[in-house]
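Residues per chain, in single letters:
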Amino acid sequence: MNWTLALPELVLAIGTLLILVAGVLPKRETYFPVCMASIGALLLTAVLVLAQGEGSAFGGQYIADGFSRFMKVLALLAAAVGLLLALDFNEKERIGRFEYPVLLLLASLGMLVMISANDLLVLYMGIELLSLPLYVIAAFDRDNGRSAEAGLKYFVLGALASGLMLYGSSLVYGFAGATGFDQIAAAFNHQHGVSAGVVVGVVFVIAGLAFKVSAVPFHMWTPDVYEGAPTPVTAFFSAAPKVAALALLARVLYDPFGDLAPQWQQVIILMSLLSMVLGAFAAIGQQNIKRLMAYSSIGHVGYALMGLAVADTAGLRGLLIYMAIYVAMNLGAFAVLIAMRRQGKAVETVADLAGLGRTDPMRAAWMSIFMFSMAGIPPLAGFFGKLYVFLAAVQGGLWLLAVVGVLASVVSAYYYLRIVKVMYFDEAAGRLDDAPASLGVVMAAAGIFTLAFALWPAPLVAAAQSAAMALLGG
Amino acid sequence: MFVGAIFFPLLGATISGFLGRWIGDRAAQWVSVTCMVLAALCGILAFLEVALGGHHTVVPLVTWMDVGGLEVSWALRYDTLSVVMVAMVTFISTLIHLYSVGYMSHDATPARFFAYLSLFTFMMLMLVTADNLAQLFFGWEGVGLASYLLIGYWYDRDSANRAAMKAFIVNRVGDVCFMLGLALVFYVFGSIEFETIFAAIPQHAEDRFGGVRAMELIGFLLFLGACGKSAQLGLHTWLPDAMEGPTPVSALIHAATMVTAGVFLVCRMSPIFEVAPTALGFVCFLGATTALFAATIGCVQNDIKRVIAYSTCSQLGYMFFAAGVGAYQVAMFHLFTHAFFKALLFLAAGSVIHAMSDEQDIRRMGGIWKKIPITYAVFWIGSLALAGVPFFAGYYSKDAIIEAAFAAHSGVGTYAFLCGILAAFLTAFYSWRLILLTFHGEPRADHHTMEHVHESPWVMLIPLLVLATGAIVTGAIFAPLFIGEHEHGFWRGAIVNGPHNHVLHAMHEVPSWVPVLPTIIGLSGIALAFLMYVFVPSLPHRLAERFHGPYHFLLNKWYFDELYDRIFVQPAQRLATVLWKTGDAKIIDGLPNGAARLAAGVSRGAVGLQTGRVANYAFAMIIGLVVLVTLFLFRA
Chain A
1150 MNWTLALPEL VLAIGTLLIL VAGVLPKRET YFPVCMASIG ALLLTAVLVL
1200 AQGEGSAFGG QYIADGFSRF MKVLALLAAA VGLLLALDFN EKERIGRFEY
1250 PVLLLLASLG MLVMISANDL LVLYMGIELL SLPLYVIAAF DRDNGRSAEA
1300 GLKYFVLGAL ASGLMLYGSS LVYGFAGATG FDQIAAAFNH QHGVSAGVVV
1350 GVVFVIAGLA FKVSAVPFHM WTPDVYEGAP TPVTAFFSAA PKVAALALLA
1400 RVLYDPFGDL APQWQQVIIL MSLLSMVLGA FAAIGQQNIK RLMAYSSIGH
1450 VGYALMGLAV ADTAGLRGLL IYMAIYVAMN LGAFAVLIAM RRQGKAVETV
1500 ADLAGLGRTD PMRAAWMSIF MFSMAGIPPL AGFFGKLYVF LAAVQGGLWL
1550 LAVVGVLASV VSAYYYLRIV KVMYFDEAAG RLDDAPASLG VVMAAAGIFT
1600 LAFALWPAPL VAAAQSAAMA LLGG
Chain B
481 MFVGAIFFPL LGATISGFLG RWIGDRAAQW VSVTCMVLAA LCGILAFLEV
531 ALGGHHTVVP LVTWMDVGGL EVSWALRYDT LSVVMVAMVT FISTLIHLYS
581 VGYMSHDATP ARFFAYLSLF TFMMLMLVTA DNLAQLFFGW EGVGLASYLL
631 IGYWYDRDSA NRAAMKAFIV NRVGDVCFML GLALVFYVFG SIEFETIFAA
681 IPQHAEDRFG GVRAMELIGF LLFLGACGKS AQLGLHTWLP DAMEGPTPVS
731 ALIHAATMVT AGVFLVCRMS PIFEVAPTAL GFVCFLGATT ALFAATIGCV
781 QNDIKRVIAY STCSQLGYMF FAAGVGAYQV AMFHLFTHAF FKALLFLAAG
831 SVIHAMSDEQ DIRRMGGIWK KIPITYAVFW IGSLALAGVP FFAGYYSKDA
881 IIEAAFAAHS GVGTYAFLCG ILAAFLTAFY SWRLILLTFH GEPRADHHTM
931 EHVHESPWVM LIPLLVLATG AIVTGAIFAP LFIGEHEHGF WRGAIVNGPH
981 NHVLHAMHEV PSWVPVLPTI IGLSGIALAF LMYVFVPSLP HRLAERFHGP
1031 YHFLLNKWYF DELYDRIFVQ PAQRLATVLW KTGDAKIIDG LPNGAARLAA
1081 GVSRGAVGLQ TGRVANYAFA MIIGLVVLVT LFLFRA
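Chains as they are written, first to last, in my numbering: chain A, 1150 to 1623; chain B, 481 to 1116.
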């Protein structure tokens, strides 16, 4: 058995256990060293992923290819940055306990399993491994009512989604006679026309994954959980799990159900349309900036799904580029939000940003860059992300999606630019505390990426291209 | 030298306009004056070489546009026609710059003023040295712009802003015709380069456009364009109002240079007008009518600058009807001499206004001739030249115009001759009315003003004296060159007279009473002015009461402004109000405002879905699932 292929997952799993033991044993508080060790473990895993060979293992249940490599690296980096964002915040909020990084590591392990899943059961296992730690960290500030509520809501709805997906899997198994992706694909290859049972099964599986990426109409948990959870948790939610879930969605749709593309395309198109429109409109009236970012992330998922809906290499490449850029600018923006404190107390409304342009010009400049980029204004990275998916949609003949996408981005520009306007033109509500160094680093790194992507787009585009080719075999 | 004459003013404008803030007002003023002096030196040298030396030349600069069949380049065309203008414009503009240093000394932003003034000079020079119609149009619009800026220079005055807008808008009417003419030229000739057009006239002379001879149509359109700029009857209403600008502006733009651009255009396009007799007849008719019309109004106006403005309008009419009978050279000659004595009159008027603490109404002047003797003397010289009293500049040019009109022996020519004679009488009358009311009689200003009456500083008087010299001698010196025996060697084909056009020759062979008549008429006009304002001072008042109707008709300028207001301005305003209130506020603004309201409504609806209850969320998920399954099934 070729188990060495799964070396990154094995290393991460064992590392997580070791870190857990190392966190429990000492008598004193071990939050900071455990965090550092966790970040190290994530980066080490990322390096191993880069060095990973291609092929399948565990009887075809595990697959490693160019696509999984791209997504894993992206997810691991997002997780590492997500942890970095929590470093300072959790200590100031007195929730700096060593369980937090360990839970993040477990969730990351779940993501890796998801991305490499080549079997419905492995898929389910990966999702659960991701979800359970997320339920816990959503409620990590357990003395805070809102945080507890967020965790509970997420758990209940997540359980529903898991149930749906498991039910769908069983239906598919019932009709295909196998759970492995390769066998399912082979089974549907020989069938002419699909039975209603398979259709229901596929839709249920899609629904379970759509819940994780918070695509409309499975997005309902997002605003409440984003608002209630501690801000670094929100930042983590909005980045790494979305990458993993989208990767899994792409693999499930293209691999076992690739022959049903004309049918599931309609479903993805509908979800994409609804997500873009809802993300654009619902964010307009929001005062709480975390809630605003929740709707914003729903909108961005809509754009990413547009790439998925095209169902060809260009579309998939657009999706990958979009996710990479989205993760960068989103984490950058959250770094600014996490740093929002006035006299030691975290604040989180749009109005609290007032006058930042004068009190802290550097941070305001980074935030403006992220907001302009999210609004899709050239020459920032966000513009190119949208450009690649729009191009793919137009070339694939999905005019409606492209047009609605452009209109939705016009509407969403309003609330992004409102933040810029508040920072530069409104009367200062009082000085915000200085940002800690770790957040400054994230802001600067994400900001430079957002700015410089226009100058050197080639590496990312080439990587996304080869990843897309690996999955679609083009 | 050729390039310098044109671009020194631009340099001056750039420096005083953009750097005036840093280098200070005094430096900015003197920089632009220096640039103008250099330009004037270049201009005079160019005049010597091109006009007297006979070296016509074209200085190419760069290609401007090259689109399809249209190729336009920036080039300076130096022939006698343009170099006369270049020399005259740079020379007079220099004097006016110098004068302005004194006149604008109490102003808040002299650097801005000098920038505009130099910019205007540059644009005017671009206009006259243009090698093609597009470049000419560039200068044409450029002087329009500079004129707008200068009329509205005191932008805190409501009346100045109105006058500036009026000048610009009325000029636009002419410009539209000019542009149509330009387009038609391109349509007929396939080019807008003068060289190409003029060479191709014989082939295209009988071309038709819309059933009309194309040459006639081009002539009409270009002349209508010229009417706007040169304030001919119908489009003249902006000129008197333009006196809201500072007086040096009036002298430079609205007397000596810009308003003569129309005359220049007709002379420049003389090859086309020579094959367009109907258009030329129209030029003659309108010019003669304007000459008489403006002179009648000038007789009753009370603002010192407005009287001179109407006089300008009238003199421009003379130039047009001279061109209209084919005597372009004579028109150019009058343009040339007129520039001197009209600039002189305006500057002298400025000096009076300066002395009278900014009073412009001649009914509140009088009795000041002993206090400002130099101004008084140059005013006399200017008026003598204007009235065409022998041996002053105006005598040579104006007499030549009237002779040419007589010698044309055509219907419109005779009409122009009669109008010209009558206008000459009125010209002499209103000029001396102006002098007598301004300088003589009992002082009618208040005690305070009279105490402050003083002669202007030398920086203003020197330009006056130079111009006065010009008003005396230019006629006698240049008459042989412009219209006399050396005429042919002087113009060297810069102006074209058709083979049937012998008016220049015929005008020297009119009966002997014709040259004498204008002089007699002029002197009698002066005599009438003396009679009415010195010997029987009650006469004007009684006349005004006796002929109440005609008097008010003239005082209100033939009711042109009221007529235009009724016909054009008010309907346009009503239409604009409708378009604004419903078209813009309701429909155009309604679209984005409505869209924004809609977005806000949708937003409220979308947020309303978010109830916070887990059961509702789960329900939404299930409903969504059902919808997706349905969609999937129906597609399959």
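Please keep in mind that the hints were generated in silico from the structure rather than gathered at the bench.
Small disclaimer: the values here were computed from a predicted structure and weren't measured.
Ideal Cβ placement from N, Cα and C applies to all residues, glycine included.
Heads up, some of the hints might be wrong.
Some chain A residues near chain B, calculated using beta-carbon distances under 7 Å [said to hold, decoys possible]:
| no. | residue |
| --- | --- |
| 1 | TYR1284 |
| 2 | LEU1309 |
| 3 | GLN1415 |
| 4 | VAL1560 |
Every beta carbon over 12 Å from chain A, so not counted as near; a handful from chain B, in silico [as the list claims (entries may be wrong)]:
| no. | residue |
| --- | --- |
| 5 | ASP505 |
| 6 | LEU528 |
| 7 | ASP546 |
| 8 | ALA663 |
| 9 | VAL755 |
| 10 | GLY891 |
| 11 | LEU902 |
| 12 | ASP926 |
| 13 | TRP1038 |
| 14 | TYR1039 |
| 15 | ASP1069 |
| 16 | SER1083 |
| 17 | THR1091 |
| 18 | VAL1109 |
| 19 | THR1110 |
Cross-check of the supplied hints:
no.	hint	verdict
1	TYR1284	14 Å, violated
2	LEU1309	6 Å, holds
3	GLN1415	5 Å, holds
4	VAL1560	6 Å, holds
5	ASP505	36 Å, holds
6	LEU528	58 Å, holds
7	ASP546	32 Å, holds
8	ALA663	39 Å, holds
9	VAL755	57 Å, holds
10	GLY891	69 Å, holds
11	LEU902	68 Å, holds
12	ASP926	55 Å, holds
13	TRP1038	56 Å, holds
14	TYR1039	54 Å, holds
15	ASP1069	18 Å, holds
16	SER1083	4 Å, violated
17	THR1091	9 Å, violated
18	VAL1109	5 Å, violated
19	THR1110	9 Å, violated
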